[in-house]
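The primary structure of each chain is shown beneath.
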Amino acid sequence: NAGVTQTPKFQVLKTGQSMTLQCAQDMNHEYMSWYRQDPGMGLRLIHYSVGAGITDQGEVPNGYNVSRSTTEDFPLRLLSAAPSQTSVYFCASSYSMGGNTGELFFGEGSRLTVL
Amino acid sequence: AQSVTQLGSHVSVSEGALVLLRCNYSSSVPPYLFWYVQYPNQGLQLLLKYTTGATLVKGINGFEAEFKKSETSFHLTKPSAHMSDAAEYFCAVRRSGGSNYKLTFGKGTLLTVNP
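Going down the list, the sequences are from chains A and B.
Residue 60 in our numbering sits at position 60 of the first sequence, and the numbers go up by one each step.
Offset between the second sequence (1-based) and our numbering: plus 1000.
Keep in mind that the hints were calculated from the coordinates and are not lab data.
Warning: the hint list may mix true and false statements.
[Said to hold, decoys possible] Cβ-to-Cβ under 7 Å is the rule here; a few derived chain B residues that face chain A:
#, residue
1, P1040
2, L1044
3, L1046
4, R1094
5, Y1101
6, L1103
7, F1105
8, G1106
9, K1107
10, G1108
[As the list claims (entries may be wrong)] Straight line, CA to CA, 30 Å or less: simulated DSS-like cross-link-like pairs of lysine-lysine:
#, chain 1, residue 1, chain 2, residue 2
11, B, K1069, A, K9
12, B, K1069, B, K1102
13, B, K1069, B, K1049
14, B, K1102, A, K9
15, B, K1049, A, K9
Note that CB positions come from ideal geometry on N, CA and C, so glycine has one too.
Whenever a hint applies, use it, and build me the whole structure from the sequences.
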């Protein structure tokens, strides 16, 4: 079982460039989310989705876009990269059926540097 | 809204000593509480969780935590630290029940284990 797979693991961008971070899970989880991790800030929620076709904003959504066309995939798009978006990005998923505790399963992260 | 405060961004212990990592939460409804561990350059892995029932929960690698509603705390302990416990630890909270699966994380505590 692959779990949550993120690509790429490392990326360097120039200011103003756009890119997409890919996330795929093979656990049939309905809930998927993107976090960014910065030193001393913990993990902050960017966007999340409770199922195909449904997305919503988290705590720090500006500059990012998401879509959820399938249960398995939840890509994160940076529209015009800025140095402030230099961070480590984590995709996480969870069951969301009634009664579940919502434990998150994490990918290994994508380290993004914006010059 | 939920929030988490982890007291101490860096904790240093000697090998064999008690590990105590502090977490206080704020939640308007009964919470689900989690501790995650992150080893260098890896994603987050669930250590343990509290949902309902017994307030003392045991996790992997000899860690345990006690939910104390009166103190709004969920401190993580391990009787005897091992070098392999060196990592960053995150406390997280979400609302119990319903369809809100968003996890709110603390800022993390880096645990150093000295030989």
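Quick check on Y1101(B) please, does its C-beta sit within 7 Å of some C-beta on chain A?
holds (4 Å)
Against chain A, is L1103(B) within 7 Å by beta-carbon distance?
holds (6 Å)
For K1069(B) and K1102(B), compute the direct alpha-carbon distance and say whether it is at most 30 Å.
Given that 30 Å is the threshold and the Cα spacing comes to 21 Å, the pair holds.
Given the proposed pairing of K1069(B) with K1049(B), does the C-alpha separation stay at or below 30 Å?
holds (15 Å)
Next item in the hint list is F1105(B). Is there a CB on chain A closer than 7 Å to its CB?
Holds: closest Cβ of chain A sits about 4 Å from F1105(B), inside 7 Å.
Tell me if G1106(B) is really an interface residue toward chain A, meaning its C-beta lies closer than 7 Å to one of theirs.
Since the shortest Cβ distance to chain A is 6 Å, the answer is holds.
CA of K1102(B) to CA of K9(A), is that 30 Å or under?
holds (24 Å)
R1094(B) as an interface hint toward chain A, with CB separation required under 7 Å
This interface hint holds because 6 Å falls under the 7 Å limit.
Take the shortest C-beta to C-beta distance between G1108(B) and chain A; is it under 7 Å?
holds (5 Å)
Can the restraint linking K1049(B) and K9(A) be considered satisfied, given a maximum Cα separation of 30 Å?
This hinted pair holds, its Cα atoms lying about 28 Å apart.
Minimum Cβ distance from P1040(B) to chain A below 7 Å?
violated (11 Å)
Do the numbers back the hint for L1046(B), that is, is its least Cβ distance to chain A under 7 Å?
Constraint on L1046(B) satisfied, holds at 6 Å.
Taken one by one, the earlier hints fail for this structure at numbers 1, 11, listed in ascending order.
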